[in-house]
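K.L.:
So you can see what is in the structure, the chains are spelled out below.
Protein chains: 2
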Amino acid sequence: MGAEGTFILGDWGTSALRLWLVDADGFVLDRLQTTDGAGTLQGDAAGAVFSRVTQPWRAKHSPRIAILCGMVGRRGGWVEAPYLTPDRWSELPQHVAHLRLPDMDVRVVPGLRTRAADDVMRGEETQILGLTRHQPDFDGAICLPGTHTKWCQLAGGQIASFRTEMTGELFALLSRSSVLRDAVGPGFDDAAFDIATAEALNDPRAMGRLFGIRADWLLRDTDPAAGLSRLSGLLIGAEVARAIPDINGQNVALIGTGELTDKYARVLRFAGYDVQIQSGEEMAIAGLTSIANQMFELTDG
Amino acid sequence: MGAEGTFILGDWGTSALRLWLVDADGFVLDRLQTTDGAGTLQGDAAGAVFSRVTQPWRAKHSPRIAILCGMVGRRGGWVEAPYLTPDRWSELPQHVAHLRLPDMDVRVVPGLRTRAADDVMRGEETQILGLTRHQPDFDGAICLPGTHTKWCQLAGGQIASFRTEMTGELFALLSRSSVLRDAVGPGFDDAAFDIATAEALNDPRAMGRLFGIRADWLLRDTDPAAGLSRLSGLLIGAEVARAIPDINGQNVALIGTGELTDKYARVLRFAGYDVQIQSGEEMAIAGLTSIANQMFELTDG
Chain A
1 MGAEGTFILG
11 DWGTSALRLW
21 LVDADGFVLD
31 RLQTTDGAGT
41 LQGDAAGAVF
51 SRVTQPWRAK
61 HSPRIAILCG
71 MVGRRGGWVE
81 APYLTPDRWS
91 ELPQHVAHLR
101 LPDMDVRVVP
111 GLRTRAADDV
121 MRGEETQILG
131 LTRHQPDFDG
141 AICLPGTHTK
151 WCQLAGGQIA
161 SFRTEMTGEL
171 FALLSRSSVL
181 RDAVGPGFDD
191 AAFDIATAEA
201 LNDPRAMGRL
211 FGIRADWLLR
221 DTDPAAGLSR
231 LSGLLIGAEV
241 ARAIPDINGQ
251 NVALIGTGEL
261 TDKYARVLRF
271 AGYDVQIQSG
281 EEMAIAGLTS
291 IANQMFELTD
301 G
Chain B
1001 MGAEGTFILG
1011 DWGTSALRLW
1021 LVDADGFVLD
1031 RLQTTDGAGT
1041 LQGDAAGAVF
1051 SRVTQPWRAK
1061 HSPRIAILCG
1071 MVGRRGGWVE
1081 APYLTPDRWS
1091 ELPQHVAHLR
1101 LPDMDVRVVP
1111 GLRTRAADDV
1121 MRGEETQILG
1131 LTRHQPDFDG
1141 AICLPGTHTK
1151 WCQLAGGQIA
1161 SFRTEMTGEL
1171 FALLSRSSVL
1181 RDAVGPGFDD
1191 AAFDIATAEA
1201 LNDPRAMGRL
1211 FGIRADWLLR
1221 DTDPAAGLSR
1231 LSGLLIGAEV
1241 ARAIPDINGQ
1251 NVALIGTGEL
1261 TDKYARVLRF
1271 AGYDVQIQSG
1281 EEMAIAGLTS
1291 IANQMFELTD
1301 G
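For the record, the sequence lines run as chains A and B. Using this note's numbering, the first residue of the first sequence is number 1, and each one after it goes up by one. Using this note's numbering, the first residue of the second sequence is number 1001, and each one after it goes up by one.
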């Protein structure tokens, strides 16, 4: 980085706070993660959480600057960083919101909103930036699986469009709180998942097959792991089927980790796409580091 | 009816018990409705509820027979009436389950299951029977809106196929428990509903537009009534779009009452269909009366 000392980088999302202590070369010295989500923390309450969890780092390393992305920048959060439209994505460093603490400057990265005002993201813009720092020539679709999965089209180094799907939240609601809950249980049945995926990719009416999971269980006492895998396969398969018309070429980059990301990879490969998986944490660090570097260049210039 | 005295007819569904006291001519003498759903009442607990709520009728009219349809016939309910396949729909009266109480015979109507074992109904088979008693020549699609909406194809007086959609439950979960809940509120905005309907009828990717309801609210402070109407229009519109390939001809009969049924009628008419609406209560009474008459003929013969 273009300055001395240590820095705090962070991705403060709806339900989790992830922070990294990095040195001037961008090397990660320490990391922490808590469940203090920015989704419900109002103003000073967020500041109090930040002060508490970073206290050990501040006592020992005296970081001067923290750069945070994610829901922390929402209206009513700690400090609002108003949305930019995707055509101004490369200007993120010029539009960070500022907050001065007694011993540290906090900068919050803006989110993006579509020009049509029908979609928003906060945090993913920084991970996507990280991907382009790792792979400057990447062109194609980027998918960031989560409770609210983002699909983004990158063309010529610019975000051409993006879209949010609620599949993760739908899956949680249907598996825990709907009439399907009796018919689903822990475990992964790859055959049940793949069959459901194939159905959903081939039939735009897949959402009309959800109740069948209950009927299967009632009439044939289907294994709950197969029921859960079928539910997941139908929902993710239907989402990927909706995404396919937007995917130019055969390259899809997934940014994420864990089972959910693996499921998206499985469905996309089943549909014939070349898929690479990048860690969400690494992409966030790369994106925040890039923003930090540009900020210091701006300041130094 | 083919016997003397009074009878109890009933539709005992997942979340409600509806009973009618009828005379030998099928004339409704009295009716009652409670929230004692059969979805959770096990065995004797259902019997205790039935005895309690029918006590005034039994004291005054001494009905000899009760005929009930709906979830009361599920496995683990009061008395199981195993599912029939649709080709045996006309044999419902021969397959009612029996239970003898000290002062009354209780008969429970079977539900239907598809031959492929991927769908079931309990209660709707009786309402559909009621429709065919009112309109013996009806051919076409029948839609029974509800938490789990049933779509049924009637051809040559037989149930050719049926299918369940979970739209009602999805709407309840998304509007009350998802990230959309901030963006929706009471009221009906007919323009927002119709626009969403048109989008969903024309674009099989409508389910990918749900998150936009939240973005609209975040960025443009959209009226929550418009948000709720848009959610409803997208979900019901997408369901009707899935149903259209199965609808032969232009006749659709809706069995139901209230706002939900009116919304389905609005979407179907928007899509170009001739829609008639029949009361769910009247169709249930007609269907149960038909089953009663056939039972007495069987007994008398």
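Be careful, since some hints might not be right.
As the list claims (entries may be wrong) - Derived coverage of chain A by chain B (criterion: at least 3 residues anywhere in the stretch with Cβ under 8 Å from a Cβ of chain B; other residues may be distant):
hint	stretch
1	23-37
2	50-64
3	80-92
4	125-136
5	193-199
As the list claims (entries may be wrong) - Label pairs and their computed distance ranges (CB to CB):
hint	chain 1	residue 1	chain 2	residue 2	range
6	A	G156	B	F1138	38 to 48 Å
7	B	R1176	A	A225	24 to 34 Å
8	B	E1091	A	Q276	31 to 41 Å
9	A	N251	B	Q1276	48 to 58 Å
10	A	H95	B	I1244	22 to 32 Å
11	B	S1015	A	A172	16 to 26 Å
12	A	D262	B	R1176	46 to 56 Å
13	A	T85	B	Q1135	19 to 29 Å
14	B	Q1135	A	S177	54 to 64 Å
15	B	D1194	A	F27	50 to 60 Å
16	A	G258	B	R1176	38 to 48 Å
17	B	R1176	A	G5	44 to 54 Å
18	A	N251	B	S1279	50 to 60 Å
19	B	R1176	A	S15	42 to 52 Å
What the hints contain is simulated information worked out from the structure, not anything from laboratory work. C-beta: ideal position from N, C-alpha, C; glycine also.
K.L.:
It remains to establish, for every hint, whether it holds in the given structure.
P.N.:
A quick look at each hint next to the structure:
1. Figure legend: the stretch 23-37 of chain A, annotated as covered by chain B; annotation inconsistent (0 residues with Cβ-Cβ distances under 8 Å, at least 3 required).
2. Three residues within the 8 Å Cβ limit are the bar, and the stretch 50-64 of chain A against chain B gives 0, so the coverage statement is violated.
3. By the rule of at least three residues with a Cβ nearer than 8 Å to a Cβ of chain B, the coverage given for the stretch 80-92 of chain A is violated, with 1 such residues.
4. For a cut-off of 8 Å, the count of residues in the stretch 125-136 of chain A with a CB near a CB of chain B stands at 0, and the three-residue condition is violated.
5. Requiring three or more residues with a Cβ within less than 8 Å of a Cβ of chain B, the coverage given for the stretch 193-199 of chain A is violated, as only 0 such residues are present.
6. The hint said 38 to 48 Å for the Cβ distance between G156(A) and F1138(B), and at roughly 59 Å that hint is violated.
7. The hinted window of 24 to 34 Å between R1176(B) and A225(A) holds, with their beta carbons roughly 28 Å apart.
8. Distance hint for E1091(B) and Q276(A): a CB-CB separation of about 58 Å, inconsistent with the stated range 31 to 41 Å.
9. For the hinted restraint 48 to 58 Å between N251(A) and Q1276(B), the CB-CB distance of approximately 52 Å keeps it satisfied.
10. A beta carbon spacing of about 47 Å between H95(A) and I1244(B) contradicts the range 22 to 32 Å that was offered as a hint.
11. Evaluation of the 16 to 26 Å hint for S1015(B) and A172(A) yields a pass: the beta carbon distance comes to about 23 Å.
12. Checked against the given bound of 46 to 56 Å, the beta carbons of D262(A) and R1176(B), roughly 31 Å apart, lie outside it.
13. Against the hinted window of 19 to 29 Å, the Cβ-Cβ separation of T85(A) and Q1135(B) comes to about 56 Å, which falls outside the hint.
14. Hint check: Q1135(B) to S177(A), Cβ distance near 38 Å, so the stated range 54 to 64 Å is violated.
15. Roughly 57 Å separates the CB atoms of D1194(B) and F27(A), a value that falls within the hinted 50 to 60 Å.
16. Between G258(A) and R1176(B) the CB atoms are about 28 Å apart, so this pair departs from the stated range of 38 to 48 Å.
17. Range check, R1176(B) to G5(A): Cβ separation about 49 Å, and the 44 to 54 Å hint holds.
18. Distance hint for N251(A) and S1279(B): a CB-CB separation of about 56 Å, consistent with the stated range 50 to 60 Å.
19. Distance hint check for R1176(B) and S15(A): the Cβ-Cβ separation is about 19 Å, which falls outside the suggested range of 42 to 52 Å.
Hints 1, 2, 3, 4, 5, 6, 8, 10, 12, 13, 14, 16 and 19 from the list above are not met by this structure, while the remaining hints are.
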